[in-house]
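Novice: Once you've looked at the hints, dock chains W and C against the given chain E.
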Amino acid sequence: MLWGCAWCASIESSMSEVTRGKVSAGLARRRRKERLFRLCGMLATTVGIVFLVVFFADLIGKGSSAFRQTFLRLEISFDTAVIAPQGSIDLQYADFDLLARNALRDLFPDVSGRNPLRELNRLLSVGAGYQLRDMLQQDPGLLGSVQSVWLPASSSVDMLRKGNIDASIDAALRPISDAQLAWVAALQRDGRLELRWNRAFFSNGDSREPELAGIRGALMGSFYMLLVTLALALPIGVAAAIYLEEFAPRNRWSDLIEVNINNLAAVPSIVFGLLGLAVFINWATLPRSAPLVGGLVLALLTLPVIIIASRAAIKSVPPSIRDAALGLGASRMQVVFHHVMPLSLPGMLTGAIIGMSRALGESAPLLMIGMVAFIVDVPGGFSDPATALPVQIYLWADSPERAFAERTSAAIMVLLGFLMLMNLAAVVLRKRMEQKW
Amino acid sequence: MSDRMSKAKDTLPEQPSDIGKTVGNVRSANPYVVAENVNVYYGDNHAIKNVSLEIGTKEVIALIGPSGCGKSTFLRCLNRMNDSIENARVSGHISLAGTDIYSKDLDPVALRARVGMVFQKPNPFPKSIYDNVAYGPRIHGLAANRAELDNIVHTSLERAGLLKEVIDRLDEPGTGLSGGQQQRLCIARTIAVDPDVILMDEPCSALDPIATARIEDLMYELSEDYAIVIVTHSMQQAARVSQRVAYFHLGSLVEVDETNRIFTNPRHRLTEDYITGRIG
Amino acid sequence: MQGNTLILILAATSVVAFFMGRARSLKLAGAPRIRGALHSLPGYYGYFTAIWCLLPALLVLSLWLSLESRLIIALLVEQLPAAQQALSAGELNLLLNNIQNLANGDAISGTADAMLQDAASRYSSYMIASRRLLAVVTLAVAGIGGVLAWRRVHPALRARNKVEQIVLVLLVAASSIAILTTIGIVLSVVFEALRFFQKVPLSEFLFGLNWSPQTAIRADQVGSSGSFGALPLFAGTLLITSIAMVVAVPVGLMTAIYLAEYSSRAVRAAAKPLLEILAGIPTVVYGFFAALTVAPWVRRAGEALGLEVASESALAAGLVMGVMIIPLVSSLTDDAINAVPSAMRDGALGLGSTRSETMRKVILPAALPGIVGGVLLAISRAIGETMIVVMAAGLAANLTANPFAAVTTVTVQIVTLLVGDQEFDSAKTLAAFALGLMLFTVTLSLNVVGLRVVRKYREQYE
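Respectively, the protein sequence lines represent chains E, W and C. Going by the working numbering, the first sequence opens with residue 47, and the numbers climb by one from there. Going by the working numbering, the second sequence opens with residue 844, and the numbers climb by one from there. Going by the working numbering, the third sequence opens with residue 9, and the numbers climb by one from there.
Treat the hints loosely; a few may be bogus.
Straight-line C-alpha distance at most 30 angstroms; calculated BS3-like pairs for lysine-lysine [unchecked claim]:
| no. | chain 1 | residue 1 | chain 2 | residue 2 |
| --- | --- | --- | --- | --- |
| 1 | E | K477 | W | K964 |
| 2 | W | K947 | C | K170 |
| 3 | E | K79 | E | K68 |
The set of hints was computed from the structure by calculation and includes no laboratory data.
Okay, chain E solo, but in the shape it has when bound (with noise of 0.2 angstroms):
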């Protein structure tokens, strides 16, 4: 420590008796004081931190069993008398769900009434008519053989088997009745019920039912989006800072561009949000919800950030260079374009990457454009209803069933997944770009 006494004692005694006194007499106190500053700013950097680790844990907490989904095995007859009874198979209207319903209940034959015959067919997801629709279409040789088949359980089923729902409690307070609970548990027994990887969730859309509803859809929305974004905001970006850094006289319309890109890029993005939809949907009457829309709104967003990027990465190429260009007789445009844009790409790169990664996590414009209806179907195109992946939890996060804060939590998952592959992406190409001249 720097207030070691014996370096206190021979400073002390270099200095006059009155003075020595006095700064003896407010050491301690100073002392004190400075401790008590430090333990602040070392409480203040733990703060963040703290935030970080508790917010992952309960993240991971509530999410990772979303990835897991709770699934029945049953001995499945595709009858010819049910699924086709004229014998011809329509895909489109044979009644697929019968087929399970069928198996379930050869499973507890005692179960009669209408009643308890609902409440046992609740056990299943409405999804199991569509997987064996989906197994029949594949393979046409089933039809009227016998398979077991694990078919996607209730998510309420789903719910009970991950421990979220306490069977303790009073039967009209939890969303299982008491003889679904006796079931759940014979079918547990005859090892009939299982936790399995939850394909739904990736290769699916949205859907009102949480065991069917997957990311799909929202990823293929934000993936179109980010498209746009990128074709757009890449080049004209790089233009832009080009021109700024390269070609434009230092003048007043510069310091206009200048200023603006820089509280452009401090402007709150809900914003951004009305201006598309005054612009692009009002009055341009592009199609609302597409991700067109959505890709041209957070072009605009992310412009200010790869220009502010590209800028600094086109400072950094030395002026020798231009200079050996210039002396040989390139023109100014041949010297940025055969020297400073090759050497300034890495810097504009990481620069876009970072923009998109904003642009990937950026929810609030693409309210304000329709981007948050309840869309079941992949977007196949630009402008396709779509929806966005942040959008897609946001819609989560508003739904009552408990069902869905847990699917909520996994999409969260994946999306910080992809922004930290982003940033990772960003970060090496920094590396690589971090050239000694």
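Specialist: Relative to chain E, chains W and C alone:
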């Protein structure tokens, strides 16, 4: 001209009216570049004051003088490298083989293909050695096919005395060479465009003595084909490589003469002070 | 013809133009190429021809597409029976939508009567004719442009300079997009806001105490007009922003000081990326965390203390927003501290000041302008933050300073008013733009002042 020569050095007053008066012989027997009354301003700063100088075909002329005397600025006027400096203004008249290089319809790009430049710090492009040399011929369209380009690259490297050292690694980056090699690469790059004049702005100031000696030898060889204007801080270098020397002081061209004469018998007091080390 | 095919054909044409221009320059220069025979490299003559083939055609194409639908709809309306022409704007819009959907073979609302069928077939025939004409005109322009440019190719033509001029124009245009965006924001927000202020007086909007924008469907219902006193929203925004600042400013400041002055290199190397992660988490994620995790904690904690806490309390939203802003404050503070010349610091230490005294009495006062500028930017960020408050703060416009109560903010109301299908004429929708105008004005002023202060401060020590 003779009136300027007649002025004795001890009678020269240092007065503002004297600005732009040059002692010695600014003319060349066989002029290729002719500068008349050149003035350069950086904003309000009068950086070059009324300088007139002729540079002969295949002549090596050294520009010497203390730091900030304007010799580099003058050098950069000769291929219009000052154009890229925002508030620089050039007046006067410079012509290259009879063409006014500051005329409105002259493309500086075409000019710089005829007046090459080598810089203080070696500045190879971060590309391969081959691409460094080939860049100029490519942008000026000097080779119709790959074989011609190869030929130009090899010849230029050969003339720059670098070919033997790099022949088996032409595709390695030019930035990986040693400082002296880099500078010779820059020279090779310059002569690949086949200019008439080569401007050298303190080309050896970043190099060690051995590398410097090689460059000086090279300059001597090159002077058979090109006019070379070299800015240097080293009077020994000027004495070794040049046929004529121009001494600049505070933006004025004080004295021009044959190298031997300037170093043995300078006529202007400022020149003498500089040569004898009183101004540095 | 499809737009995509047309663009592909245009692209192909310009590629052909490139090679033709290039070939012509080579031919004119003569077979053995001598130096100076051509002004520019042959490629530039190619680009020159291609640009003149492509650019005017693209210009025509985009102009046509932007005007097409308006013209066709105007034409369509003109030929509708008088009864339909007399419809209100909203109903006419619905009708036109139906006609377009019918023409595209999509589902329509209501029945497709003869009038509708007729209009739909007319609409599709107009569309087809327009697209055909467009293809012909665009390709003609491309051809004429290309041929004219091709004929101008000459060894003395300064093709490189011409091409570079056009590229420069494109660069200038790209850099002007930033300005266009700002103008677009201002215009879109101001126009709609002005329309709003024609319905609701400015003074009521700014100083009214009652916010309930729900307009009733029937005119005779209670509260049919809605009331648009935005003061509770401003108060709510201010409350949540203040809570966020109470968290973010001291924590961010002390974090920056600790990391700059006290921490070991290893701690700094670990803590800085962690803080960056904090800055990189999307706001919707913060919102989820605030609504589902922090808000219940706050309520339980409040109940344990015997306080009445709303489930969507301002405190929960404010706390999480504060955490979100910590990295911003700490990095701007870090910049400000680092900009103070080390001579000042050494001087203070040399006089025997402790490190905290040096920091508090010398460095912080010197860095104050920079820090204040940073805090202004942080406030602007908090005011404009949307997702956290949308998810964690309430919708009820309470005028209160109680952090445990539920309040609503400007951004929350903009989102609630605009989500879903809205008519652009109702006061409710327009109110969102009026709020947007307020938001933009306030954040822009904070940003301008903040950025200027930060920059001035930096220049001072440079």
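Novice: Take the hints in turn and mark each one as holding or not.
Specialist: Consistency of the hints with the structure:
1. E/K477 / W/K964: 26 angstroms, holds
2. W/K947 / C/K170: 16 angstroms, holds
3. E/K79 / E/K68: 17 angstroms, holds
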